[in-house]
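Okay, here's what each chain looks like letter by letter:
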Amino acid sequence: MSAAFGQTFRVKSGNGVDVSRTLHFSFDGKDYTGHPGDTLASALLANGVRLFGRSFKYHRPRGLLSAGPEEPNALVELRDGARREPNTRATVAELFDGLIATSQNRWPNLSFDALGMNGMFSSILGAGFYYKTFMWPASFWERVYEPIIRKAAGLGRAADEGDPDLYEKATAFCDVLVVGSGSSGLAAALAAGRAGARVILCEQDSLVGGRLRDEHMALDGKLAWQWAEQARRELEAMPDVSVMTRTCVFGTYDGGTYGAVERVADHVAVPRVGQPRQCLWRIVARECVMAAGAIERPVVFPHNDRPGVMLAGAVRTYINRFGVAPGRRAVVYTCNDDGLRTALDLYRVGVTVAAIVDSRPGGASIAAEVAAKCGARFFPSGAIVDCYGRTGVKAVLVRDAAGKAKSVSCDLVAMSGGWSPNVALTTHKGARPTWHDDLCAFLPFTLPPGMAAAGAAAGVFDTAEGLHDGAMAGQWAAVRCGFEATLPALPEAEPTSYAIHPLFHALKGLAASKKAKAFVDFQNDVTAKDVGLAAREGFVSVEHLKRYTTLGMATDQGKTSNVNALALLAEITERSIPQTGTTLIRPPTQPVAIGALAGAHRGRHFKPTRLPPTHQWAEQQGAVFTANGLWLRAQWFPRAGEKDWLETVSREVRTVREAVGFCDVTTLGKIDIQGPDAAEFLNRVYVNAWLKLAVGRVRYGLMLREDGFAYDDGTTACLGENHYVMTTTTANAGGVMAHLEFCHQWLWPELDVQFISVTDEWAQLAVAGPKSRDVLAKIVDAPFDLSNEAFPYMAAAELTVCGGVKARLFRLSFSGEMAYELAVPARYGDALARRLMEVGAPFGIAPYGTEALGVLRIEKGHPAGPELNGQTTAHDLGMGRLLSTKKDFIGSRMARRPALTDPQRPTLIGIRPVNPMDALVAGSHFLPQGAAPTAETDQGWLSSVAWSPSVGSWIGLGFLTDGPARHGEIISVHNPLAGAVIAARVVDPVFVDPKGERLHG
Amino acid sequence: MRLTCPFCGSRGLEEFTYRGDATVRRPSADASQEAWVDYVYLRDNPCGPHRELWYHGAGCRSWLVVTRDTRTHQILDVRNARDVMLAERMSPEGKGEGS
Amino acid sequence: MADLLSATLPVVSDPVTVGGVTLELVPPTSIVSLGAFAGAGRDELVGRVRAEFGVDLPDVSRAVRSSYGNVAFLWNGPTQWLVVGEDSGELFSRLQKCCGDVCALTSQGDSRTILRLSGMGAREVATRLLPIDLHGQVFSTDCVASTLAGHIPVIVWQTAQTPAYDFLVFRSFASSLFHDLSVALNGHTFSETDHYA
Amino acid sequence: MQTNRYSLFSLLWEACRGNTGWKPAWRKAEPASAYDFVIVGGGGHGLATAYYLARRYGGKRIAVVEKGWIGGGNVGRNTTIVRSNYLLHGNEPFYECSMKLWEGLEQDINYNAMVSQRGVLNLFHNDAQKAAYIRRGNSMILHGADAVLLDQDAVRAKVPFLNVDDARFPIKGGLLQQRGGTVRHDAVAWGYARAADRLGVDIIENCEMTGLRIEQGRAVGIETTRGFIGARKIGLACAGNSSRVAAMAGLRLPIESHVLQAFVSEGLKPFIDCVVTFGAGHFYISQSDKGGLVFGGDIDGYNSYAQRGNMPVIEDVCEGGMALMPRIGRVRLLRHWGGIMDMSMDGSPIIDRTPVDGLYLNAGWCYGGFKATPASGLCFAHLLARDEPHPVAVAYRLDRFARGAVIDEKGMGAQPNLH
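Protein chains in written order, with this note's numbering: chain A, 1 to 1001; chain B, 1 to 99; chain C, 1 to 197; chain D, 1 to 419.
Fair warning: there could be bad hints in the mix.
Unchecked claim - In silico PhoX-like cross-links for lysine-lysine, where the CA-CA straight-line distance does not exceed 20 Å:
| no. | chain 1 | residue 1 | chain 2 | residue 2 |
| --- | --- | --- | --- | --- |
| 1 | D | Lys-172 | A | Lys-607 |
| 2 | C | Lys-97 | A | Lys-806 |
| 3 | D | Lys-172 | D | Lys-130 |
| 4 | D | Lys-67 | D | Lys-100 |
| 5 | D | Lys-410 | D | Lys-130 |
| 6 | D | Lys-28 | D | Lys-67 |
| 7 | A | Lys-404 | A | Lys-508 |
| 8 | A | Lys-222 | A | Lys-12 |
| 9 | D | Lys-158 | D | Lys-172 |
| 10 | D | Lys-67 | A | Lys-151 |
| 11 | A | Lys-778 | A | Lys-806 |
| 12 | D | Lys-269 | A | Lys-151 |
| 13 | A | Lys-57 | D | Lys-269 |
To be verified - So the derived label-pair ranges between C-beta atoms look like this:
| no. | chain 1 | residue 1 | chain 2 | residue 2 | range |
| --- | --- | --- | --- | --- | --- |
| 14 | A | Leu-691 | D | Asp-399 | 30 to 40 Å |
| 15 | A | Glu-969 | C | Asp-101 | 55 to 65 Å |
| 16 | C | Ala-40 | A | Gly-482 | 38 to 48 Å |
| 17 | D | Asp-399 | C | Ser-13 | 57 to 67 Å |
Claimed, not checked - Chain D regions said to be covered by chain B (calculated; three or more residues, Cβ under 8 Å):
| no. | stretch |
| --- | --- |
| 18 | 72-80 |
| 19 | 254-268 |
| 20 | 305-313 |
Don't read these hints as lab results, they were simulated from the structure. We put the CB at the ideal spot given by N, CA and C, even for glycine.
Starting from the given sequences, assemble the full structure and let the hints guide the process.
Here is the structure:
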């Protein structure tokens, strides 16, 4: 389909568009054309489109208010499918060929929206109405009222599928960060850059220049935007300066850190393969010049939300930058001289200026002169008191100085209530701006450390002054960074006038019903009347006003509404604006895609994956893997013909109990500890005694936290005089390392000891089972003696295996069988697994995974993660006797508190269901048999369970009040989540080989 | 927020972990129960400058004593914790503290 | 010795080159950590290393290279260094002889895998993952930093002016880091301007 | 005539006459010279305390003093979640009591705070987490709360857009508390304020406590920026500032102040129907009745009185969000802010008398304060009125640290930033 109407409002080529090329796009299914450099807004405007969207609450027809990121009305769904972007401001969406946009929050279509009738009930649906009703009957809220409210909630729709695009993050460092590339920002960057500072200039727009592009203005006799381009070229030629366009600095954080998002590929249909859509920049700057410009304020008058009522500055932007006339017949409504420029620009491009309504008295400005030049009717001391045209302005009612109302037909209203400096970045750290009566504006007062504000953002609205202000700020920023800087030569600018008289609304003397349709916050449909109602109900703190009316909480965060609301509230409560206060502006300054803040770490790469040394081999074996913290570990090794995981795991367990199995236990934390005071150090961090551990021996150790609860356990081997290697649980490996460093560096710096992690250095494989010695004998190099006498339980040695590979061997057992842990340098881990399979084949060797490891340890009654959960004590774990009473150690004192030693505490027990086939579920609770299931009768819980092939029954470990005294008792194991109760016997937690004969074998 | 590690220079928050108040001292084993409860649980928690322990775990693994304003997050001082404690042990007032 | 086990590399991917920047696995090498004992131990250690290798152990985060023998000493914390040398297996025993009695010696050659990022533009790629200032005035050849590459702890060592960066990463993380670096590598060729100031 | 009671009728009636008859929701009270009870802190807990004290315990002469505007602390900046899915005996009866009070709140205070029991779903990813959730769910049921264990398919059916499989930590199931949900947070403060005001409570805004007057070991009143206010009993309910205020009485607390950040997206058509918690990714999310995604994660982890946080946690939270729900990549974050949490040493609150006679403490709510609001108010009112703990708050004593009877849901020990 060809363009329906063509770009009939394109008046000439704007300085930012390339009319030599045509782009095709569609809006609400209709095809249009535009040019490179257009935004969706400017292109639609060029095509004569006025109606862009619907408001949130009353679904009122809305058009463009602005030409920038402050836009409250013209929100669309951009793109489609998985790339659908809801609530995209048409004013910042760069046009590309094939762009698809759809209007939102309307049904069935934009020009007829059924929920538009909400407006008829606005007197009921005023601020906070929902707090006062929908309470009866109580059950109707979730069932009836809320679903209706939720149907109407929100604006655009999030995509239905995962975002297919990539995002990335980067960190940049500079001396001077300049935010904004208008006259002040460019001057600041030039001053700092020429001084040799490392400068980053961020501009949220695709082009540099800021309002230099938006105004019909000359610098040094040239068009102002050409000077901006020249400045950009000079900056880009400097080696340590970078100009980042399409990059919005959205937040000020601590330590001179700024958050910025770069739209890398939003101006194209689809990013190229590998190309990120956006990049999140963390910019660390010693100094920052904040030159983010200012935002124009609308005027609050009845029906000021009609499509065609626009900000005066935005009208100039569309004319000068985009070459688009936003209407054919305009009325200009202003309280300041800046607004009058709009009349001149409109006149220059041939738009009829029907009237100039200046709220200031005649003679107080140059308005009469301008009106005469443009041939416009002039209304000094005038006000617009109504506006007509449902889906587009048709006329306004102007009240003249004498109070007489006259209708003026028009299709465009350009209004200016003055400019609000864009101070957001100065307030993110909690500083509030202060009100300046002469400028009718909030200006930054206390700035974050290292930040200076310049130009319009600091209330300097004149171009020449802005250039100078920016240059000064850039110069001083460079000087503070230690550079010699001078003020750069600046271009000559024509003087401009910004004479202003306060104008926030035109409601004086109007009936209440009119005020109901005078909008303060456009997107959230907050009217002047809502502000009045909130005040009447006592919501007179600005924060209360904001929260009660939702004013300033829309996607534009009140950029165009906050000051007007404040002025209204001040007037109603008979206070000044400074007395009334202001709300803090929260980051981000513009909404930021969550994908950009997340970056590249998504899906399977959300967190890094740690692979043990035998991973490749285990994959080839067809192992099933499980996440264990960041580690990926083999959970079990299924064999053909096995019907489920339980069969596999049971077979693996039996292999260990009857022959020999092996398992990669590299993931256990391993810490090399050396130094003259190493033994003393161990003695202080473990609960048990460590001073007499002989070289070549291993000991089990339990650590507490300083609050007396159990923290971690493991074994530590003495490999030489003053040389130990400690193992920790997989989960706590990092934490224990930090804990040891803490103890050493802060608690006992006098101890001479060194730590380094060797977790990744050694591939450590547990070889367990009655045939384990036979298997090891095949690989251990002579003359190492593996006999029980030479290398008994809890022995450790350094040796070589497989003909010269250095190794460490520990006679340890988690399974309760005769077992070893063999460590070789990690690079050989994979090959060691293969070798064990080879040499172990005659003995029936098989690998086992973490699941079988768990079954084996439960059968043996060894506590692990579920038992060492940070809430249990040594006593709870049945290890109370381990606590030395002869020394100080971490936790020694607090472990003695009465509640930690109370014999009634649930203590470790074993559990066997009366019917061995009754499956136990970890997390079930223990109750006395026959007791009613309540919190009062709850006596403990089941922490770990397994089907034990060795016992031929389900078994479990758990904690039971007064547990050890109750061996033999039958209790109820309750799992009310599943509605299950099982009778089970309390037993000793060691199910297999309680005397420990096998591990000594 | 950024901390200037005495060894590694200025680094971002993500490299550090926090441990809390650096003004409390581990009592001796024979100190009173009150002293221990105080050490493990009670904190001044000031609104303003706060001496606190940070661990440069993703960097040089040094524990640091940082003085930071809890109202503004401004960093006022960073020292190597081990040096701070050794100096304290050497000073006349510091003797007898610790275990 | 026919019986010896064969070594497995921690990363199976081939080197990747995009836009003149190459990411590759450096063949395994000997790495030994030196942990100085307290008191006079540190001075003694510095003296012994100077005598044996002809270098002063750095006391800032840098690497120094031995003038004879291809050995570098990397600062790795206030009392620790990593000695990186050729994978001859001789390094550990040479160090043991030199200073084994005055410091903790721990083999780290299997703990640490080295991934190398090199070529024009390597800095821009590294910037995507490293939160530290890599500008030439701040970080140049033989500068060393312990930091995070995304979520992964690394020691970064600039090994050449080109630039080239060696990422010393724990072996178990090596595959993940290789992946993350390749993503950054593929993305960086699209940056239209040199954002790095 | 002014309109007192909120109802559909009064709404229509007022609409007909231009909404001119609505009364202020609460009077702007001036401080009297003395009260029976002075509650320091006009947040949710303080206002609820005053309300229940007047309503259920017949308290008279009650004032709430607030340094700024009421509801400006954590009740005004939390992520609105209510639930009673606790594990430990010390906690669960209290939070279940709170849940029941939420369920009847609107009729009780004649204010629609939009208590929405849309369900709270905690996801698990492995057998160990599953076991921990089963233990917790069973504990909830034994305490009379509701809990349902969902398997992977049930999670998929309930929340169809989660990344269940193509994930670093695939989702294996979840624990659902259907009675949990969300409440319009600001409305809780306003509703309690309005209801308390109707019962004669003086709500005194812009009145900061600057000191405590103690005579013969007994607290007799507070110094404020608006003069001295005498009181028979003083209740401190100023979480976020508990340590500062307690210091005025010479007390040190087992509390650190930490910042927790919260996030809201632009308004979207509703697609998330319940609260989803993704522990492995430090992320939780719900969608408000206005359409914004409301989400958050862990505390920043360092002591702070600044109501704002830093980028690492922002990035961490959004990463968790994208890992769980890849469809929100193009949804934009609209605002983020921070609130100051009383992080207690065991992660559980304190409602108790203090060593100073006449001074009572309600503190240490960590990031669980909002859901606790009604029960906290009720139990604190009970303590103030009767000088003994309410039965559901008996565990929240200050001496539990000395005794070792800590209530450590996470098992992290005496390190507040890990709770």
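Check your understanding: Looking back at the numbered hints, which does the structure fail to meet, lowest number first?
Key -> Result: hints 4, 10, 18 break, sorted rising.
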